[in-house]
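Visitor: The working numbering numbers the first residue of the sequence shown as -1 and each following residue consecutively.
Derived by calculation from the structure, the hints in this document are not laboratory data. Be aware that one or more of the hints could be misleading.
Using 20 Å as the maximum straight-line C-alpha spacing, the simulated PhoX-like pairs for lysine-lysine come out as follows [what the hints assert, rightly or not]: (1) K45 to K225; (2) K47 to K225; (3) K222 to K206.
Derived Cβ-Cβ restraints for the label pairs, each shown as a range [claimed, not checked]: (4) P234 to G130: 31 to 39 Å; (5) P234 to A123: 14 to 22 Å; (6) V48 to R161: 26 to 34 Å.
The beta carbon of each residue, even a glycine, is placed where N, CA and C say it ideally should be.
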Amino acid sequence: LSERWGLLRPPACDPGLPSDVADYLVDSYPQNHNYIVRQGRLVPRHKLKVRFEQLSRVYPERMESLLDLRCSKGFFVLDAANRAGCERTLGIDIDQRELEVCRSVSGFLGHEASRFEQMQLHELADSIDEFGGPFQTVLLVNSYQYLYFGRSRSGECYRDHERIFELMRRVCSGRVLFSNRTRLQDLQRSCQAEALKVGHQSEYTEEKILDAASRFFHVTSCGKIGKWPFWLLDVPGAELSVVEPIRRAA
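Whenever a hint applies, use it, and build me the whole structure from the sequences.
Guide: Structure below.
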């Protein structure tokens, strides 16, 4: 709050990182992706730190590869690239500015294992072998609604739950960490307006999303991250750490 009102300066990144990139990382929308590069390390700011702690506790014991389906400022991709044994990391997004920031930070840190590409999910699925095959760990956080309904920067979308999870299965060999808005009334106004426009108000429900996910993955509920459900989508037969499901109160 003090930063917002100009009483405190936001924390600074390491010198050597371009100032426009550093400013963007530290204090820009979306706030829950902001972090600092300090002494060659990634330091998540509060909102991202909370999200990261909840997601990373269900990472595989040995991270082999990671894909972020909406990488934003690249924190999860860059963090994974710095983990021992992680040979491949990829972040995709439609925002060219954010991808440029990601690549700048990656170059500054000397991360040869990380890649950032401007791609849609189906484009990645169709070319997954060019990236070394499906990824062990995949993140889809607070962006499922855009895959389904599209967004202002790109109207391309799928409007089909089963199609989305089929594509995710093609790019994942292990586990998808899925935390998203699964009820129509929780979506941004633009998505709600699109649902009304295309007549999909009754299609965007948690029950239908869960049913589609279950056709391709074994689904475990892990409570919530913030306000939104947190599910683990495990590829049947994959060797993964066991996570106890969180049972809902009766």
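Visitor: Of the hints stated earlier, which fail here?
Guide: Number 4 only.
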